[in-house]
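My request is simple: use the sequences and hints to build the entire structure.
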Amino acid sequence: MKKVLIVGAGPVGLLAGCYLYKYNIAFDIIDKNSESNTYSKALSVSPATIKAFHGLNISDKLVNKGRKVHSIQIYYKDRKFLNINNKYLPSCYRYHISIPQPETEKILEEFISNSGVYVKRGHKLISWTKENGKYKVSISDGNNNQYTSCYEYIIGADGASSTVRDLAGIGFDGHDYNMHFIMADVLFESSINLPGTSYYIDDDGFLIFLPMPDNMVRVVIKKDGPLPSPRPTPDIDEINYYLSKYCKKSGNAYKLIWSSSANFYNRIAEHNSKDNVFIAGDAFHLFSPIGGQGMNTGIQDAINLSWKLALYIKGKVRRALLDTYSTQRFTAVGEVLQSTDHDTMLIAGIVPKECIDPIYYPEFCNRNHYQSELPLKYSGFLASQKNTTTDLVGRHVPYFEFFSNQHDFNNSYDALSTGKVIIYSKRNDCPPLDRIKNKSDFIFCSLDESDCLSIEHIQFNSENYVVVNPDGYIDFSGKEDDLIEYLSAFYFME
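Numbering of the sequence shown is given in my numbering, commencing with residue 1 and proceeding in unit increments.
Worth flagging that the hints you see were computed from the coordinates, not collected in a lab. Take the hints with a grain of salt, since some may be wrong.
Stated by the list, open to error - The list that follows gives simulated cross-link-like pairs (lysine-lysine, BS3-like), each with its CA atoms no further than 30 Å apart:
no., residue 1, residue 2
1, Lys106, Lys22
2, Lys120, Lys130
3, Lys420, Lys61
4, Lys41, Lys120
Structure below.
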């Protein structure tokens, strides 16, 4: 069996490993740090990311360990002007989960351990050479002893300073903003009724208030100028000063758990693959922290790549399907990069004031944008993986339940747990599916009139077929002849 090396055991690398395990693909996962992360780092898990956990049947563990965030409040000069409410999202998860990153990683690592694979901590990628289609990889273990292993594929999920990206010779384009942020995880007394997730903005800057379980809160504060050296680590007094300035109703925190600082980034790699080397997450892209898109976008990279790589390793699909990792994720990441850049410039006051006021003081004409589009954007459901005029192609499949009781799953999310490609139609048969050599990787789901809500959600007529990939994205919608052409491009036909 061909083997994959995953470099980096953060949420992105771990999720890639989980899906490779789901498809019974051999892999190793290494991380240069000798111990797992103990600080919260990324903490906002979007509804789209929860859906990725649903595909592994572990979303309940994530939800139970975190704090549900049903809405986000935004204040401008102490005046609340916006409530981003998730209650109308097309998902059964109409909330974000606020959870420290170590807890997220623990859930994923426990899933991987079922395969008998454990993260090799303190193991650092040094170099590789390619010989006879394999990568001969040099790795240093925790005792600085070097050893060599061979792999057919490498996934770099090793962060902003990615060794995989550097060794592959992939450039990293973009810019840093002329500002940085300090951040801290602090504890408040349990008797205090804290505000919910909220942004506080004025002409000087902003503060982001992100509650977690047990009255712990992540506080993020914008500071002018590039990140100083050495990197600032704010103390409890500095954090309380800014809390009193921006968020008076929270009161003071009594204990500092962790603090750090970082630049505001806007970067994307020149490529996300080279031969059989792939990069994902922060190795592929770096966003501003506004909107919490970084880790969540990386999770979508991981699931898009892993199921395609698994089927390609098994010889069940053409290379063209694996190559869509590059095109699809560049399309989606490009949207997120542009969106976070716009929001960062807006919230930091970089754009002219005359452009800010119409947004911070919304009139009736743009309230629909705030009530519908913004929840979709920050949930992860808006960014499309395809440049297409068809509304849902390239986007996440909406959540809907089946009422006809003729399927092995009860809803569109449970269908993803099968790991199969799902083809939906109002028709009773799918002749193109009979021509596919590996039919076991597909499920045809015929919808009858009792599934009218399903039909409404997918938005297709009586002659159409809709293809939903295991990553939860709609990849095709069209008639039978078009479906044959689509399947022939990616799958082996008889």
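The hints, checked one at a time:
1. Taking the CA atoms of Lys106 and Lys22, the gap is near 17 Å; set against the 30 Å cutoff, the hint holds.
2. Under the criterion of a C-alpha separation no larger than 30 Å, the hint pairing Lys120 with Lys130 is consistent with the structure, at around 23 Å.
3. Of the pairs offered as hints, the one joining Lys420 and Lys61 holds, with about 23 Å between alpha carbons and a cut-off of 30 Å not exceeded.
4. About 21 Å separates the Cα atoms of Lys41 and Lys120, which keeps this hinted pair within 30 Å; it holds.
The structure meets every hint from the earlier list without exception.
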